[in-house]
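Protein chains in written order, with full-length UniProt numbering: chain A, 1 to 343; chain B, 1 to 343; chain C, 1 to 356; chain D, 1 to 356.
By construction, these hints were calculated from the structure, which means they are not laboratory data.
Every value quoted in this text rests on a predicted model; they were computed, and no experiment measured them.
Note that beta-carbon positions come from the ideal geometry of N, C-alpha and C, so glycine has one too.
There could be a bad hint or two in this list.
[Claimed, not checked] If you anchor each label on the Cβ, the simulated ranges turn out as follows:
#1 B:M323 / D:K124: 52 to 62 Å
#2 B:P39 / D:G82: 20 to 30 Å
#3 D:K312 / A:K198: 45 to 55 Å
#4 B:Y197 / A:P209: 46 to 56 Å
#5 D:A23 / B:P39: 42 to 52 Å
#6 C:P153 / D:V22: 43 to 53 Å
#7 C:D18 / D:F7: 31 to 41 Å
#8 A:S247 / B:Y197: 54 to 64 Å
#9 D:A28 / C:D18: 49 to 59 Å
[What the hints assert, rightly or not] Covered by chain A, according to a simulated footprint, are these stretches of chain C (three or more residues, beta-carbon under 8 Å):
#10 125–135
#11 162–172
#12 336–349
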Amino acid sequence: MNAAADSKATTMQDAKAPAAITLIEAITQALAYEMRNDPSVLVLGEDVGVNGGVFRATAGLSAQFGPERVLDTPLDETTIAGLTVGLASQGMKPVAEAQFDGFMYPMVDFIVSHAARMRYRTRGRLTCPMVLRVPWGGGIRAPEHHSEANEAIFTNVPGLRVVMPSSPQRAYGMLLAAIREPDPVIFFEPKRIYRQYKEVVADDGEALPLDVCYTLRDGTDVTLVTWGAQVKETLEAAEKLEKEGISAEVIDVATLRPLDFATIAESVSRTGRCVIVHEAPKTAGFGAEIAARLAEESMYDLVAPVERVTGYDTHIPLFRLEMKYLPSVDRVVAAAKRAMAAS
Amino acid sequence: MNAAADSKATTMQDAKAPAAITLIEAITQALAYEMRNDPSVLVLGEDVGVNGGVFRATAGLSAQFGPERVLDTPLDETTIAGLTVGLASQGMKPVAEAQFDGFMYPMVDFIVSHAARMRYRTRGRLTCPMVLRVPWGGGIRAPEHHSEANEAIFTNVPGLRVVMPSSPQRAYGMLLAAIREPDPVIFFEPKRIYRQYKEVVADDGEALPLDVCYTLRDGTDVTLVTWGAQVKETLEAAEKLEKEGISAEVIDVATLRPLDFATIAESVSRTGRCVIVHEAPKTAGFGAEIAARLAEESMYDLVAPVERVTGYDTHIPLFRLEMKYLPSVDRVVAAAKRAMAAS
Amino acid sequence: MALAASFEIEYLQYLAPDGTAVAELPEAFRDPAALLPLFKQMLFVRVFDGKAIALQRTGKLGTYAASLGHEATHVGIGASMGPDDVFAPSYREYGAQFMRGVQPREVLMYWGGDERGNDFSGMKQDYPWCVPISTQCLMAAGAALSMKLRKQPGMAVACCGDGGSSKTDFYAALNSAGAYTLPLVLCVINNGWAISVPRKAQTGAETLAQKGLAGGLHCLQVDGNDLIAVLEAMRRASERARNGEGGSVIEFMTYRLHDHTTADDARRYRDEAEVKDAWTRDPIPRLRTYLTAQGVWNEDMEKAWADECAAKVDVEINAYLETPVQPVEAMFDYLYADMPADLQHQRAQALAREGR
Amino acid sequence: MALAASFEIEYLQYLAPDGTAVAELPEAFRDPAALLPLFKQMLFVRVFDGKAIALQRTGKLGTYAASLGHEATHVGIGASMGPDDVFAPSYREYGAQFMRGVQPREVLMYWGGDERGNDFSGMKQDYPWCVPISTQCLMAAGAALSMKLRKQPGMAVACCGDGGSSKTDFYAALNSAGAYTLPLVLCVINNGWAISVPRKAQTGAETLAQKGLAGGLHCLQVDGNDLIAVLEAMRRASERARNGEGGSVIEFMTYRLHDHTTADDARRYRDEAEVKDAWTRDPIPRLRTYLTAQGVWNEDMEKAWADECAAKVDVEINAYLETPVQPVEAMFDYLYADMPADLQHQRAQALAREGR
Ligand SMILES: Cc1ncc(C[n+]2csc(CCOP(=O)(O)OP(=O)(O)O)c2C)c(N)n1
Ligand SMILES: Cc1ncc(C[n+]2csc(CCOP(=O)(O)OP(=O)(O)O)c2C)c(N)n1
Ligand SMILES: [Mg+2]
Ligand SMILES: [Mg+2]
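All chains should be modelled from the sequences, with the hints used to inform the complete structure.
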């Protein structure tokens, strides 16, 4: 399942002097690439213009492409969502920004009732090729409502694609794919790892698929499945486990909807054990869908009960306590060991 | 787990001449009871006043309690949600109505960002004892957006209770409980069975618990778990199965959040098989949570893979095709048989 | 007293309910012959409406929202738009839509539970019927923004009701129109009722037109049962839109002569006397009297046209009734441009359940 | 030309930026001694603000939203409310909140990442700080509705910014206030910027006050750096509210002299010259000049009060810094009145992870 990433690596030499950049810089790079490439692409949101976005995702775009392609909106998320659907259904390719995850709730109506239904409702006469970028998740010591992991709200909605890259390369390639996708994409960006590390990302315009999971680490004893910022803790847990003689495979789901369950199932068919790790509250989080699919399709492969290591079923606390809320490396390690012990 | 329902039955004689009523009439009866009982209870929504609601749920309440306790709102769901949170946080007990499931999306922000967080955010200084009643689900040949099964949106949200009665008695008792509950409750009403059948419901003010599943039928071979209008098809499937020698236990989840998993687990520990039936799209529907819990906590009890019989992962079609979308008795029977064959 | 701002909102009416002119007619609409096709369209809509209601009553149609009484407003709006424009209707502006090429059979298919009704034969860019109240207004603002950004010549026109003018999406639309100086016309069709809730209960504002002031838009209130006033209001708004002067809110004063939909029973909440009174302002006799007085219409023409309408509608009804149900795969095939593997699997299951 | 409606919106200013009176003072605010405590409160807020920013810069506080430049508006609003009222702030109206008994240490706790900051020592009915822009306006409308239904004497007052006046929730609040004739005062604090977006980009309306017309509310625009104008505007609005005459929208013209928050760098998007110019309208020197000219204030008093403020704020800062982190169970204990079994289980797990 790393084929896409690999082919990307091989095309890297085509671009001139690819630089090592952060995840957020990869976002900016992808936006700039596609705005150059396709004149129907435009960016809109609060403070995305001259200010370049509160996270700097759109830094420099206004200067490069002008205010007609980088639109500051009035301060209203309903407005952003509605205008975006309007633009997309008339042939433009808007990339909207929700300033933070906690502010996207007023967008739900337009996303669910219109974006996700435009093609379906009109039998393909009108469509809605839009991207909604959402800085997502906790752990940055931010104020209230700036730390939500609310992807589950969208994963039950037909007509949407819901993705979440967790590396600079995947951010670049998946954002290009999202913009080119003829249907609406909710593009979650794990803000905690916006600047976690740099990676060489060729600015070659190569998109990555939006329907595959990425196996980040091979293993034989237990499959750790995660997405977003938790990829960090999960990889660390895998290293710790290795020191204790447990070989953990790590899968970054990357695209939640549609889910590439085949990759997960194949891994679990080898390991027999699965630990699902996510930030969002446990109950009815997207981890439930993965566990459910295992219960349906991989039951005979499982040698231990499925484990979920998640946020608790409460709101992420303000920042003095938030790290106690988020799944830790130790919790992942403990769950993997329980799975090993169970069998 | 039928204890509550049974004790309810035994207290029936206390009330004078309890009548057989439909589910929707039970709703009206509960509203009227609690408005008499508690002056802080009020009802608000579109057309709930003189018109008595588009489904007649509030019929007669305006005449009985006056327009100050049965408020028609301006036509805006954001307004309904926001006013409701405002009223609830100042000591009233508002029961709001969303006219149809498909119109509740603009309420998501107030529900998630305020109703579900008021107590948490203020450390208990302000609270939000509100009920949001939502006619829910398909199958009534209604126009677009009048047939959604969107409960999954709310089941991942901490601070909420999410319930769905599926009989007149449970509608009465659970609505009373919801109104008396000190925290916000999303109260889904399966509109397809609003008038499906009548049942004697004593108007005795007895609430039912909001944290139990109801076992509607005992069985030994397979556990069928469902909620809402699908209880009808599921019970019919159980009868069909019985004719073929398969003994199906039927559980009405009734309260989705918090989930009474113990009742489901206990049943599956006896049957070893579980079929989950719901109207909503399959992927990341609430059925996933139940299947996930089985994969975590009941794996050693399962002798067959879990089955989900659900709406497809597409929007419920307009009414000419909707019955092809909704899970049918035959699909439930087939799934149960697959479960029987698997083991 | 220092003033921060002051405003005046004009009211337009040219034809009184009795069909006589009460003000000098706007130059653009002085030729009665030019009004004739619009009057005929109004008559056609009324025939269509009656037959659609009858279809519903006999179980051959789902819930239907009639347009009885709104004909002047709807047809006047439709007549004011061209192929460069984008129309965003609510759910009952058939008069406007017919003028944009939507087929009556498409209306019937939509209310008959078939998505293909939304695949209009008419202007492909127009928005489908919109059930979530007033969300069409904000999509229209987005459409207007796309025109402005691409320097296209058109305007976007959205309709909502008096109830719809309370919806936050309506406010968002007018706010955006003002912020971006968009070529957007928001038509508030005030028919007195939002299902059972009277106009007065929606807002404390004395007019719905003045809501446009919140966004710095041009505001007008007009007699929506007077076709000429409707046309003139739309002419002014569209001129502004096309000249880059920005958006308008027009309140059309009319009345819902039917129940809200066929699923509603207005007698539960509405005084019959009010309805009776409203019939005296019916837009059709008013225009008929005027056009007859102008010598361009007469009883024979009316009779002939009525027959033509009935025949035409019957053809449409038959086409609707004869349209077979979509196959089961239709619920999968229009969801994504590229169907995900999971969904392909579910589609195959659904086909298998049909024995296909 | 027939008029559907016409409107005038008043502008209030009594003290010019140089501290001289430019209009006859309203009777209620003619006694300069009565203004003194408010002036002192303004000075206190400014000291608090400065120290809070310094705390953030040294890593002892999270992101902080300063109120620099808004003191007259905030304090004037706070001074106009009583214990029967409900206040719904956005996130920077400390001046108003201090007057309602909120402790400075609570402000610091909130921005310091501790929910207990929202458990105000002051008016228990007041709403907590509200991050989702303008949603507080609609909750305040609900609070006002509860007062009206229960025939309670108070009013609800909500604050939002110029940016916040674009939010659909703000429109929903004014729409409700008009529809139900609610005792609601919507204070739009126009400080020129919504983070990087200038007021002009938010709307095409020439004033933000006129948005109230959309709901039929009373509208006023005032110089928000003139404490007397603020007090007079609030007096008029509260009189209306208390007399059952309904809601008001007041636009307070002020300026954000600081960055949006400590996480922002306004130099990226804002001209320094504009900021420099805004300092000439600083509400504090203006009132100082006036009160000094009236003989109720002098340099010695200022010096003494400055010291007192500094000492008082330091006490608060220490109290904040010394407050221990909440125990891990705090994230479970305030979610429901009756904790579901599942959550009890998770709580026990969390405690176990702490070795407890
Ligand atoms: C968001 C939303 N809420 C509620 C409804 C249900 N509903 C359908 S029409 C209607 C009343 C609309 O009144 P108005 O806007 O005046 O338009 P009219 O039907 O009178 O033309 C309501 C409440 C809906 N369709 N959408
Ligand atoms: C719903 C929502 N969207 C976005 C934000 C991020 N945000 C915080 S403050 C702000 C600007 C607010 O400007 P304004 O209303 O003028 O108030 P001011 O900060 O100037 O006092 C924004 C966009 C938010 N808090 N809530
Ligand atoms: Mg209406
Ligand atoms: Mg501002």
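We went through each hint and held it up to the structure:
1. B:M323 / D:K124: 52 to 62 Å: Holds - the Cβ-Cβ distance for M323 (chain B) and K124 (chain D), about 53 Å, lies within 52 to 62 Å.
2. B:P39 / D:G82: 20 to 30 Å: With a Cβ separation near 25 Å, P39 (chain B) and G82 (chain D) satisfy 20 to 30 Å, so the hint holds.
3. D:K312 / A:K198: 45 to 55 Å: Since the Cβ atoms of K312 (chain D) and K198 (chain A) sit about 47 Å apart, the hinted range of 45 to 55 Å holds.
4. B:Y197 / A:P209: 46 to 56 Å: holds (50 Å)
5. D:A23 / B:P39: 42 to 52 Å: holds (48 Å)
6. C:P153 / D:V22: 43 to 53 Å: holds (49 Å)
7. C:D18 / D:F7: 31 to 41 Å: This hint holds: roughly 32 Å between Cβ atoms.
8. A:S247 / B:Y197: 54 to 64 Å: holds (57 Å)
9. D:A28 / C:D18: 49 to 59 Å: Holds - the Cβ-Cβ distance for A28 (chain D) and D18 (chain C), about 55 Å, lies within 49 to 59 Å.
10. 125–135: holds (count 5)
11. 162–172: holds (count 3)
12. 336–349: This one holds; 7 residues, not fewer than the three required, reach chain A with a Cβ under 8 Å.
Hint check: no violations occur; every hint is consistent with the structure.
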